[in-house]
Amino acid sequence: GAVVSQHPSWVICKSGTSVKIECRSLDFQATTMFWYRQFPKQSLMLMATSNEGSKATYEQGVEKDKFLINHASLTLSTLTVTSAHPEDSSFYICSAREGIDEQFFGPGTRLTVL
Amino acid sequence: AQSVTQLDSQVPVFEEAPVELRCNYSSSVSVYLFWYVQYPNQGLQLLLKYLSGSTLVKGINGFEAEFNKSQTSFHLRKPSVHISDTAEYFCAVSEHGNQFYFGTGTSLTVIP
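If you read the protein sequences in the order shown, they are chains G and U.
Numbering of the first sequence is given in the working numbering, commencing with residue 1 and proceeding in unit increments.
Numbering of the second sequence is given in the working numbering, commencing with residue 115 and proceeding in unit increments.
I should point out that these hints are in silico values taken from the structure, not numbers from a laboratory.
Please read all numbers here as calculations on a predicted model, not as lab measurements.
Calculated lysine to aspartate or glutamate pairs in the DMTMM-like style (CA-CA distance at most 20 Å, straight line): (1) Lys163(U) x Glu98(G); (2) Lys41(G) x Glu202(U); (3) Lys163(U) x Glu202(U); (4) Lys41(G) x Asp199(U); (5) Lys172(U) x Glu202(U); (6) Lys41(G) x Asp122(U).
Construct all of the structure, not just a fragment, from the sequences and the given hints.
Here you go:
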């Protein structure tokens, strides 16, 4: 099946700094990528939908100026958490859509903000 | 809008016993249905999916699920669980590959 990677898998940063997370589709081209956030013991919450070459569509309640999404190519989308604070600590998961049927999920990135 | 309900947040079961994880959904349109498994500190792995056709879907690791349109359910089953099946299981619904809506998850614990 299609493979999606994320980098880094785990990042620890100081409060106030910015962190970039990469999501790559390794063996297919993804016109659409999705970013999710997962709190401990909870389900995935969709943050935004990213289409290659255009601005991301953010879900209600997600600050677009804080969570910057760039989808510059058909195989790469990035999520930048700007001025991170401890409450931004979470597990961030991306997915990429191939065709019209399903999404393939990355392994996730655990962000810890001190 | 779609929504997914997983009624059981935690399911303990003895090794080699059968298990059923329940999933109900609501939607005004036809949807695709999925079950994912998540091991600690890992991403989601697809177990199985229903897109169309036969309502009984077989997936990996011996899991299967049955789509019941009249009851709007997509319950996951396995006739005999192993210790390695201990994980979090998520049911998801999608309107033809677009936005995914996830249930709150069911934590399956297999007891030796």
